[in-house]
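Enquirer: Residue numbers (my numbering), protein chains in the order written: chain A, 762 to 990; chain B, 15 to 96.
Quick caveat, the hints were computed from the structure, so don't treat them as lab data.
Please note: incorrect hints may appear among the correct ones.
What the hints assert, rightly or not - Cβ-Cβ distance ranges computed for the label pairs, FRET-style:
1. Arg934/A <-> Gly41/B: 37 to 43 Å
2. Gln65/B <-> Ser988/A: 40 to 46 Å
3. Asp985/A <-> Leu96/B: 23 to 29 Å
4. Ser957/A <-> Lys76/B: 15 to 21 Å
5. Gln946/A <-> Leu96/B: 27 to 33 Å
No residue lacks a Cβ here, since even glycine has one placed at the ideal position from N, Cα and C.
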Amino acid sequence: MRRMVVAGFLVVLSVSGCSAMKASDAGSEPASRTGAVAPASAPQSPPESPPPPAAPPSAPPAAIATPAVTAPNTPAVGTAPSSSPAKTKPTLVARPPAPAGTAPAAVVQSKPQASAAPAAVPATSPSPQSLPSLNLHDLEQRLRDTRAIGVFAKLSLKNQVDDLLSAFREMYRVPNRRPPADLRQRYDLLMLKVLSLLQDSDPPLASAIASSREAIWSILADPDKFSKI
Amino acid sequence: MAPRLSAASLTIAALLIGAPVLADDAGLGKDLKATIALQGMPCNEIATTKQNGDSDYSATCKDGNRYHIFVNAQGRVIVQKL
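The shape of chain A in the complex, shown without the other chains (with noise of 0.2 Å):
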């Protein structure tokens, strides 16, 4: 009876030590992780409407139509948030639009620039006209580092991925193409498709991939830019 009493509490203090292990396991999360993001300065805002002071009132409709200018500014994915497992290295650091009104809002950069990006938005001023720095390299990484999204799911995201960047490749082999909606939508779905993913097992990720949405988005519609990635 007795070593039924002690078998019984070990089988117990095991049970709850294993328990007590799984709930740890399901917790971790790269919390110590920087966020791709600067500072808390309106983080899910791009410029809805940014005023274009500069722009030539004589443009013609033709003008109007290039990518450059049209594709980061879109006010239709303003709100909803997304995401994109970003293969490209370059550092990307989002500024305020130029004066004039070809310049876009964000400016690829061939080296990681730490020192710039905090200083690119000011945590105290929500200027609408400013962006919200990205890494893409970061980004890159801490999607290859998060557990929230298993191997064979990342994988299938990769194949993704790689497929719309092919998709951006063919069209830029003719020129002055601009990226067509079905494009844009298939960036969406794919957004969406990593942010359901992370959104409740990498938050911080999730958040910092939703609010470089514009950005990520910028760099391929624009294929001066895309050409550089």
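Chain A is already provided as a structure; the job is to place chain B on it using the hints.
Expert: Chain B only, in chain A's frame:
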């Protein structure tokens, strides 16, 4: 005394080893479910999984759908409905 201790040790060892295995199974099921969903196919919850080979699984969902999930030679994840 020795048999008693060894039995207890075996019990504890079995439980400690079994817990991570169960956790791995749960992680695999979650991964396969996400992979199926990423391909746009329905699966409410993974009921059973079976490993056919390296990066090659069969999964049965609780709603009755069965899938073959594997990585082909080109490195693409393929989800085939069985």
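Enquirer: Against each hint, give a clear statement of whether it holds in the structure.
Expert: Here's how the hints hold up against the structure:
As the Cβ distance of Arg934/A to Gly41/B is approximately 42 Å, the hint placing it in 37 to 43 Å holds. Distance hint check for Gln65/B and Ser988/A: the Cβ-Cβ separation is about 43 Å, which falls inside the suggested range of 40 to 46 Å. One distance hint, 23 to 29 Å for the beta-carbon pair Asp985/A and Leu96/B, is violated here, with the actual separation near 47 Å. Judged by the Cβ atoms, the range 15 to 21 Å given for Ser957/A and Lys76/B holds: they are separated by roughly 20 Å.
Range check, Gln946/A to Leu96/B: Cβ separation about 30 Å, and the 27 to 33 Å hint holds.
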